[in-house]
Amino acid sequence: MQSAYGSKGLSTSFLVVFFLFPTVIKAQSLEVEELATPDKTVLYSIKTNIDRFDGKVTKVVRTNPIDGSEVKLEVGGKEGFGKNLQVIICDNRYLFFVTTEDGLEAHEKKKINEKLVLNRYDHVNFQRTKFVVATPPIEGGDQTCFWSFVGQSESTKYFSYKRIDEKLTKVEFVILGVSSDGEVVSTTKFATSLRAGSFTRPFYNVSEPRNSIIARRLDYLIRVSTNNSGGMRSSYERTLALPTAHAQVIFDNQKERFLVYGLFGDAPFKPVASQYKGLHLSSYDLAGNKSWSVQQPAGPKLMGEGFFRVHGTPGDRNLEVFSVPQEKIVVVVSFNNVVAPYLFTSEGKFLKSDLIKSNKNSSFDINSFIK
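What the sequence shown shows, in our numbering, is residues 16 to 386, in sequence order.
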């Protein structure tokens with residue numbers, strides 16, 4: 016699965032069995048990650064402390080899956096590579112290391128004019144070409160989040176920033192389509208809002224676009240605490256959801272559309288003891304027109320879990336959405352040793368849900384669930 020700074024989620028493969036307990040491991044560093052081209056002709060093994068990447072040399076192994084031959088390569092260590100890694104993307108022609116130009120993506124004010132840098136490597140010669148993307152200024156003050164990768168089509172990479180309104184009833188998205196040459200080829204804007212009496216809720220986004228490794232999740236803060244009591248020293252990580260963690264968007268390359276998803280409650284959000292009531296899911300076309308929207312109540316099984324309903328901190332509720340080949344959409348709410356999948360048609364009609372509790376030796380089979 017994927018978590019903070021790059022671990023994998025369900026969306027990487029529909030044949031993968033989803034192991035429970037813990038549902039998501041929120042690690043701050045990543046030693047080795049594998050990334051394949053969509054056509055499965057090239058496989059990369061990338062080794063780096065991905066959350067501390069600062070343009071220094073990173074070891075990459077390129078493998079030909081057919082004959083098993085390997086080539087060892089190096090990425091970074093060049094002037095102008097960029098400051099902080101945001102995402103690694105792979106398509107059938109290139110491998111991209113996307114960075115920020117000055118490393119200001121998390122700064123409340125300076126992020127406004129920060130630029131994305133595409134470091135492009137061709138699969139054959141691994142020759143690097145650099146492009147600085149002409150991203151427009153981010154508007155909206157401190158209730159905004161920097162550009163993040165939300166998916167790709169055969170020819171276009173999509174990056175989005177979002178703005179949250181003060182009452183947390185509406186989320187606005189600006190989505191740029193960027194070519195492999197770093198040129199902005201499209202701009203899409205739309206706002207998603209809930210029915211009267213419903214209010215958005217923060218959560219931890221587990222979804223990750225296919226053929227990518229997410230390096231920065233700027234909606235969250237990972238805090239490591241140390242306990243020295245009783246003569247024993249231990250540490251644990253806590254995921255804090257920041258003000259912009261109220262909704263997410265992902266590009267569905269099967270349907271050439273954007274899916275917006277999140278959680279909701281029936282009162283304005285407050286940091287302590289806010290109740291969660293269900294999930295929302297919407298579809299928008301590439302021009303930003305809404306095709307459909309649904310608010311799905313959590314149902315008695317999930318509402319019976321106090322950790323989901325009210326007691327858990329927002330960053331401990333995980334949410335993932337993905338489109339599957341069977342003309343369906345699966346949304347998965349997870350926390351602790353609980354997985355609650357929801358099945359919709361490709362047009363947003365609710366079909367069924369489930370709730371599974373298990374231990375570390377049990378699993379949730381998504382293929383069985385969608386039948």
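Rather than coming from a laboratory, the hints here were simulated on the basis of the structure.
Take the hints with a grain of salt, since some may be wrong.
[What the hints assert, rightly or not] Within a straight-line C-alpha distance of at most 25 angstroms, the following computed DSS-like cross-link-like pairs (lysine-lysine) qualify: (1) Lys126 x Lys145; (2) Lys93 x Lys204; (3) Lys270 x Lys364; (4) Lys55 x Lys98; (5) Lys316 x Lys270; (6) Lys55 x Lys130; (7) Lys126 x Lys204; (8) Lys93 x Lys55; (9) Lys126 x Lys98; (10) Lys182 x Lys126; (11) Lys124 x Lys185; (12) Lys74 x Lys204; (13) Lys74 x Lys62.
[What the hints assert, rightly or not] The following label-pair restraints were derived from C-beta to C-beta distances: (14) Asn304 x Lys87: 41 to 49 angstroms; (15) Gly95 x Ser373: 42 to 50 angstroms; (16) Gln290 x Arg108: 44 to 52 angstroms; (17) Asp380 x Glu123: 42 to 50 angstroms; (18) Ser373 x Trp307: 15 to 23 angstroms; (19) Arg210 x Asn79: 47 to 55 angstroms; (20) Lys372 x Ser308: 26 to 34 angstroms.
This structure is a prediction, so every number in the text was calculated from the model and none was measured.
Glycine is no exception: its CB is placed at the ideal position from the N, C-alpha and C atoms.
Structure-based check of each hint:
1. Lys126 x Lys145: holds, 21 angstroms
2. Lys93 x Lys204: Roughly 35 angstroms between the alpha carbons, so the hint for lysine 93 and lysine 204 is violated.
3. Lys270 x Lys364: Judged against 25 angstroms, a Cα distance of about 16 angstroms means the pair holds.
4. Lys55 x Lys98: violated, 30 angstroms
5. Lys316 x Lys270: violated, 31 angstroms
6. Lys55 x Lys130: It is violated: about 31 angstroms lies between the C-alpha atoms, which goes past 25 angstroms.
7. Lys126 x Lys204: Holds, because 19 angstroms separates the two Cα atoms, which is no more than 25 angstroms.
8. Lys93 x Lys55: Roughly 29 angstroms between the alpha carbons, so the hint for lysine 93 and lysine 55 is violated.
9. Lys126 x Lys98: This hinted pair holds, its Cα atoms lying about 13 angstroms apart.
10. Lys182 x Lys126: holds, 23 angstroms
11. Lys124 x Lys185: Holds: lysine 124 and lysine 185 sit about 22 angstroms apart, inside 25 angstroms.
12. Lys74 x Lys204: violated, 38 angstroms
13. Lys74 x Lys62: Measuring from Cα to Cα gives roughly 6 angstroms; hence the hint holds.
14. Asn304 x Lys87: 41 to 49 angstroms: Since the Cβ atoms of asparagine 304 and lysine 87 sit about 47 angstroms apart, the hinted range of 41 to 49 angstroms holds.
15. Gly95 x Ser373: 42 to 50 angstroms: holds, 49 angstroms
16. Gln290 x Arg108: 44 to 52 angstroms: Because 48 angstroms falls inside the window, the suggested range holds.
17. Asp380 x Glu123: 42 to 50 angstroms: Check passed, 43 angstroms falls within 42 to 50 angstroms.
18. Ser373 x Trp307: 15 to 23 angstroms: violated, 33 angstroms
19. Arg210 x Asn79: 47 to 55 angstroms: At roughly 52 angstroms between Cβ atoms, asparagine 79 and arginine 210 fall inside 47 to 55 angstroms, so the hint holds.
20. Lys372 x Ser308: 26 to 34 angstroms: holds, 30 angstroms
Hint violations for this structure: numbers 2, 4, 5, 6, 8, 12 and 18, all remaining hints satisfied.
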